[in-house]
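Chains as they are written, first to last, in the numbering used here: chain A, 1 to 398; chain B, 1 to 181.
Worth flagging that the hints you see were computed from the coordinates, not collected in a lab.
Warning: the hint list may mix true and false statements.
Stretch-level coverage of chain B by chain A, calculated; a stretch enters the list once three of its residues show a Cβ under 8 angstroms from a Cβ in chain A [stated by the list, open to error]:
| # | region |
| --- | --- |
| 1 | 9-21 |
| 2 | 82-91 |
| 3 | 165-172 |
From the derived model, a few chain B residues whose C-beta atoms are all more than 10 angstroms from chain A [unchecked claim]:
| # | residue |
| --- | --- |
| 4 | A34 |
| 5 | A39 |
| 6 | P63 |
| 7 | E64 |
| 8 | A129 |
| 9 | E132 |
| 10 | S133 |
| 11 | L134 |
| 12 | S152 |
| 13 | L155 |
| 14 | I157 |
| 15 | S158 |
Everything numeric in this text was worked out from a predicted model, so none of it was measured.
All C-beta atoms in this analysis are idealised placements derived from N, C-alpha and C, irrespective of residue type, glycine included.
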Amino acid sequence: MRRFLFHPSAAALGRFAHGEASPPDASSTAAHLLTCPRCRTAVEFQRDVSAAAKRVDVPSAPPSVLARVLAERAEGVRAILPTADSHRRAPTPMIRVAAVVLLAITGAALAIRAVDDRQSVATAPADAGADSLFTLHDLFVSAGFLPGTAYASELPARPAVPPISGIDGTRLRPTRVMFESRWVDSTGRITVDGQGRTELSPATYQGMAAWRIDYHATMRAPEDGGLRVEAETLWVRRDNLAPLARSVHVSPYLRFSQITIRQRFTGDSVFGDMNTDGGVHRAFAQRLPSAYGPYTTDALAPFFLGAVELGPSWRGSISIVGWAVRSYDVLYSSTLEVTGTERVALPAGPCDCWKMRIATAAGTRSYWVRKSDGLGMRVRVDAAQPGKGFREFIITDR
Amino acid sequence: MPMPSPSSLSQSELVARARQASPEALAELYARHANALMALAYRLTGSTADAEDVLHDVFLGLPEALRRYDEQGALESWLKRVTARVALTRLRRRGRSREVAIDAGPEPADSRNATRLNDLVAVRAAIDALPESLRAVFVLREIEGYSHAEISDLLEISPAASEVRLHRALKALRRTLVPST
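Hey, can you work out the whole structure from these sequences and the hints?
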């Protein structure tokens, strides 16, 4: 990867801001942005002012203009326009042929690349190289709350329902819960294959009132069945729960004894780096489009709905931020909808819950949220074959 | 057999009819594209009256101009390029008389505000205050999504000059909208 000795040029930053930089340039610019607040601010400003400018009201075309045009044309008035092509020479036949060939080659290359990307997501072996590192992560909520990473290889369809609104993070209270991941087979036999704890506590982050979430779990890795320790620390704004910074640590991970991902959320982007003990390092910068917000992460997800007022017909959309190292693991868009109420028996005792449906691009699952405080108590994911059992993530103690 | 209404025509059928100067086809093209073209003209000229004149000129000459449209690209993109040329020609021909919205009076820089990007009135005023040459590049690049090569073609400048102008425009906007920088 090329590294900048000095700041990237304004043009290079502009290309990066618009997502038009070549992969090597994007990578080196992203690495530079990690350590350079000045350039980072410039990129953020360009994106922000561009988005704001598009939102500025403009007048509509009045019918009177058309009426004037039609009346004048009826009277024989004509105008000669400077069309886009009128002052250019037509391309020679040779140029046309070259353009067609180039287009065909480029198109074919793009098509092959797209197929490759999808295959690498679907079939990445457990000992794959660094490029396949991020196809298999399955942290707590990603495994239970979401269907996996494969569908995120492309930006998902925009949510069909409005984003979750009215988020008031000050409604949350310091909380510490224990949870389990279980497989329940068709006979009702329970196999616990993971357990952990997650804690929400007040904090400050760079002088800002925040919530800090500490998540720690030991799970069986789907790749080899071995035990894996997963830890995440997350800071979010106290008022609207927008993510500020995040650190994820997994050990072991594939062929490495440990991997660490650090993220920082600034403006509409997430910046960060990934490191393994095997010397694999990668910096990244990904955009979080506003159309998919609000955003949260695995660790906060069980607490998140405590910050909104749920009701019988409540629904909203939200996206979970992935590790964001690879472009297909940036965001997971979900729609949540209250479908009823249910009294649920859990190891921590019975509780009255909102029963919810979580819909993603890859399917649906059931979610039970405690009415009294909005805490996510249980996620159930049915096996692909009906009647073959289900996986659930449940709160076992508080 | 009754003729199909223009609203049910495919784009190429509509273009074919507009080339024959059918008033109904022109009206349908106006219904489909005039708002987007008006927005572009307004952003480039900064004046509703000028934007309406640009729109008028474009549609007045459209039947003849469409004969040079080869239908290789999207019609709206082609119409936008034509509109941009008409607007830029108009700007070059005579000095632009800017409109300033009643509620868009310039506000003094306030260092207590971290950013005024959420204030769209301020954003509009800041863009309006850009020199014409910078404003055109900003609008074409940041709002309309043209490449510097395309802008260089429209403005008859080099791509490098387009990049420089954009940089200056962004710098000026940042000074206005993020006073603390």
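Against the structure, the hints:
1. 9-21: With 1 residues close enough to chain A, the hint is violated.
2. 82-91: Three-residue rule met by the region 82-91 of chain B, so holds; n is 4.
3. 165-172: Since 3 is at least three, the answer is holds.
4. A34: Violated, since 3 angstroms does not exceed 10 angstroms.
5. A39: 4 angstroms, violated
6. P63: Incorrect as stated: the minimum Cβ-Cβ distance to chain A is 8 angstroms, not above 10 angstroms.
7. E64: Violated: least Cβ distance 6 angstroms, not greater than 10 angstroms.
8. A129: 13 angstroms, holds
9. E132: Holds, because the least Cβ-Cβ distance between B:E132 and chain A comes to about 16 angstroms, which exceeds 10 angstroms.
10. S133: Correct as stated: the minimum Cβ-Cβ distance to chain A is 17 angstroms, above 10 angstroms.
11. L134: Non-interface label stands for B:L134: nearest chain A Cβ at 13 angstroms, farther than 10 angstroms.
12. S152: 13 angstroms, holds
13. L155: Consistent with the label, B:L155 stays out of reach of chain A, its closest Cβ about 13 angstroms off (over 10 angstroms).
14. I157: 15 angstroms, holds
15. S158: 13 angstroms, holds
Hint compliance for this structure: hints 1, 4, 5, 6 and 7 are broken, all remaining hints hold.
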